[in-house]
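Produce the complete structure using the sequences and hints provided.
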Amino acid sequence: MNRDESRNELGILKIHRNVISSISSIAASEIEGVKRVGRDLKSGLMALLGKSFSSAIKVDISKNEEVKVEIPIVIKYGYNIPETANRVQENVRLALEKMSNLSIKEINVNVQGIERG
Amino acid sequence: MRFFTVLGIVFYAVMIMVIGLALIVFAFDLFLPADINNLLIFAQSSQNSRVVIGLSGALLILISFSFAQIILGKFQRERTIAFTTSSGQVTISLSAVEDLIRRLAAIIPEVKELRPNVVANKKGIIVEMRVVLRSEANIPELTGRLQDITKSKIQEVLGVDEQIIIRIHVAKIAHDEKDNRRKKDSEKDEPAIPFGGYGRVV
Numbered sequence: 002m003n004r005d006e007s008r009n010e011l012g013i014l015k016i017h018r019n020v021i022s023s024i025s026s027i028a029a030s031e032i033e034g035v036k037r038v039g040r041d042l043k044s045g046l047m048a049l050l051g052k053s054f055s056s057a058i059k060v061d062i063s064k065n066e067e068v069k070v071e072i073p074i075v076i077k078y079g080y081n082i083p084e085t086a087n088r089v090q091e092n093v094r095l096a097l098e099k100m101s102n103l104s105i106k107e108i109n110v111n112v113q114g115i116e117r118g
Numbered sequence: 200m201r202f203f204t205v206l207g208i209v210f211y212a213v214m215i216m217v218i219g220l221a222l223i224v225f226a227f228d229l230f231l232p233a234d235i236n237n238l239l240i241f242a243q244s245s246q247n248s249r250v251v252i253g254l255s256g257a258l259l260i261l262i263s264f265s266f267a268q269i270i271l272g273k274f275q276r277e278r279t280i281a282f283t284t285s286s287g288q289v290t291i292s293l294s295a296v297e298d299l300i301r302r303l304a305a306i307i308p309e310v311k312e313l314r315p316n317v318v319a320n321k322k323g324i325i326v327e328m329r330v331v332l333r334s335e336a337n338i339p340e341l342t343g344r345l346q347d348i349t350k351s352k353i354q355e356v357l358g359v360d361e362q363i364i365i366r367i368h369v370a371k372i373a374h375d376e377k378d379n380r381r382k383k384d385s386e387k388d389e390p391a392i393p394f395g396g397y398g399r400v401v
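Quick mapping for you: the protein sequence lines, in order, are chains A and B. First residue of the first sequence? That's 2 in this note's numbering, and the numbers climb one at a time after it. First residue of the second sequence? That's 200 in this note's numbering, and the numbers climb one at a time after it.
Treat the hints as calculated values from the structure; they're not laboratory data. No experiment lies behind these values; they were computed from the predicted model shown. C-beta: ideal position from N, C-alpha, C; glycine also.
Going by beta-carbon spacing under 10 Å, a handful of chain A positions derived as facing chain B:
1) G79
2) E84
3) A86
4) E91
Label pairs and their computed distance ranges (CB to CB):
5) Y78(A) with Q288(B): 17 to 25 Å
6) V213(B) with K106(A): 38 to 46 Å
7) E335(B) with E84(A): 35 to 43 Å
8) Q288(B) with I27(A): 17 to 25 Å
9) I338(B) with A48(A): 39 to 47 Å
10) K106(A) with N337(B): 50 to 58 Å
11) S63(A) with L238(B): 49 to 57 Å
12) L206(B) with S7(A): 44 to 52 Å
13) E84(A) with I348(B): 16 to 24 Å
14) K59(A) with I372(B): 41 to 49 Å
15) I27(A) with I252(B): 51 to 59 Å
Quick look at the structure:
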């Protein structure tokens, strides 16, 4: 399933997984201590080709409309990793719930690296 | 997963052995170039054999690709520290821990270069460091300090209770370029001329 769908009296509302990915990326970057959202092979190749919209954030929408998000992040040097990762999870959950009314199942954070702030 | 890994290893071993045997047979003149030519002509002569050969090629590529993915995925999974929070799982790449340790070199002036390798297993977190020290450093005192700092920094940043083992290998004791430059500069300073300032009106 590529999109999350909801129906009202006027029609169907579809939220593409890229939207969920963008919200998660912005929410994660807002946290102090997060240097940037990490990259995977695909997004790295896309960035090389000049297509910066490809995100390494993986979004999985299950049949019962539960969302699972996997976010790779790079943390600034000197920040406590579990604390920062926890704050990222909370902020992403809040942002997704506030903006999309989606039911969030899991927000998995993958700390890819540490860089100087 | 283990079954597929074993299957992959056996497959690659058999393939390499077949190539090795073919090379040996060719080296002993047991297989003539004409025979190879005949075999290739026979393989290309019928439609069916070409289809079979083509499909075998595609299958070999698929097998290689899937095994590479399994092996790489396995390596990637092993190189992380994971813990679960109420919102989901947090995985910390061991290369992130290595980055963190590398930054410690900047804190300790006696350490010129530091190359960490972090492994996480049942024993705990094992950090192996290859360091290059500056010449004036007292090695036992410095390595002890480095172990303490690294251990406390990992505990503080990762917040893990697991045992942390730190092994240090002093690979080289480098000559400090700054000191050398300072010495050279002082040698270059011209000696004071006796009575140089004599007669100067202030």
